[in-house]
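Visitor: Numbering-wise, the sequence shown is residues 1 to 244 according to full-length UniProt numbering.
Hints in this document: simulated from the structure, not taken from any laboratory.
Since the model is a prediction, treat every value here as computed from it, not as a measurement.
There could be a bad hint or two in this list.
With a straight-line Cα cutoff of 16 Å, these simulated EDC-like cross-link-like pairs (lysine to aspartate or glutamate) come out [stated by the list, open to error]:
#1 K130 x E235
#2 K154 x D165
#3 K130 x E192
#4 K216 x D165
#5 K190 x D222
#6 K208 x E152
#7 K190 x E152
#8 K240 x D222
#9 K234 x D204
Label pairs and their in silico Cβ distance ranges [stated by the list, open to error]:
#10 E233 x E155: 37 to 43 Å
#11 L133 x G232: 25 to 31 Å
#12 E135 x N106: 30 to 36 Å
#13 E155 x K216: 22 to 28 Å
#14 T108 x G186: 17 to 23 Å
#15 S144 x E233: 36 to 42 Å
#16 E235 x G100: 24 to 30 Å
#17 A203 x G100: 22 to 28 Å
Positions of the beta carbon are idealized from the N, C-alpha and C atoms, including for glycine.
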Amino acid sequence: MINEFKSKEVNETKNPESNHQAEIKAEKSSPLSEIKNFWKDTFSKISDEFKSDILNGDQNTGNEKQSISNDIKKNSTAEINEVSNSKEYYDDNGELYRIGDSLKPNTTSEINGYKYNTDNQGRVISAEGKLQLRENDRKTISDSRSTVAHGEMKETDDRGHLIGDRFNGDNSLENLVPMDLKLNRGDYAKLEGTLAKAVSDGADVYYKVEPVYNSKNAFRPDEFRVSYSINGEKEIVVFKNGGN
């Protein structure tokens, strides 16, 4: 009887433990996908609440973010402009000739083998040198119309090269001026074609162009005085900058 009682008691006490262990094991064996889904749902709710605060409920949060964004844009633009306006340019000989969008006044510089002179306002008053033909592809003009003309560019103007691109003339400020498009693409281009043929045929061609400004403060030339020589034979041509 006693043995039977103990046996029955043991069986009865073991069964709950066995069931409890089974319950624990079932909890521990939850699929990994269920855990992932739990956290995914949790974060999704947080994200949705945050979006709702910005778009609908908490206007201050949205305004603060917009204000921060605007401040970043303003500061970035200011820094870019500051860098652009203080960038330094050096010529073939390592001499400083330009700072930002302005050429140094009363300066002689050499770029791509050509010599440039500026007056006391930083305007180019002459560009000259022995012509050479460009060997690489045509270059893209790097300076804007506003930079080249200092605000004086007419709608009928091009950014005209003093030393032609075909002669490896530079594509930036010291070699560009506001030039009437009919002149730039007409008579000026024809003269360049004549000189290019002479260079191609083996002639020594020396070229000099002098922009003339009738107004003290003007950056748009009124005319161009061109002197050139082919194998020592000199010629002088004056081009009016149409559209004045």
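Visitor: Each of the hints needs a verdict: does it hold here or not?
Guide: Going through the hints against the structure:
{"no.": "1", "hint": "K130 x E235", "in the structure": "holds, 15 Å"}
{"no.": "2", "hint": "K154 x D165", "in the structure": "violated, 22 Å"}
{"no.": "3", "hint": "K130 x E192", "in the structure": "holds, 13 Å"}
{"no.": "4", "hint": "K216 x D165", "in the structure": "violated, 28 Å"}
{"no.": "5", "hint": "K190 x D222", "in the structure": "violated, 20 Å"}
{"no.": "6", "hint": "K208 x E152", "in the structure": "violated, 24 Å"}
{"no.": "7", "hint": "K190 x E152", "in the structure": "violated, 26 Å"}
{"no.": "8", "hint": "K240 x D222", "in the structure": "holds, 6 Å"}
{"no.": "9", "hint": "K234 x D204", "in the structure": "holds, 12 Å"}
{"no.": "10", "hint": "E233 x E155: 37 to 43 Å", "in the structure": "holds, 39 Å"}
{"no.": "11", "hint": "L133 x G232: 25 to 31 Å", "in the structure": "violated, 20 Å"}
{"no.": "12", "hint": "E135 x N106: 30 to 36 Å", "in the structure": "holds, 33 Å"}
{"no.": "13", "hint": "E155 x K216: 22 to 28 Å", "in the structure": "holds, 24 Å"}
{"no.": "14", "hint": "T108 x G186: 17 to 23 Å", "in the structure": "violated, 31 Å"}
{"no.": "15", "hint": "S144 x E233: 36 to 42 Å", "in the structure": "holds, 39 Å"}
{"no.": "16", "hint": "E235 x G100: 24 to 30 Å", "in the structure": "violated, 37 Å"}
{"no.": "17", "hint": "A203 x G100: 22 to 28 Å", "in the structure": "violated, 39 Å"}
Hint compliance for this structure: hints 2, 4, 5, 6, 7, 11, 14, 16 and 17 are broken, all remaining hints hold.
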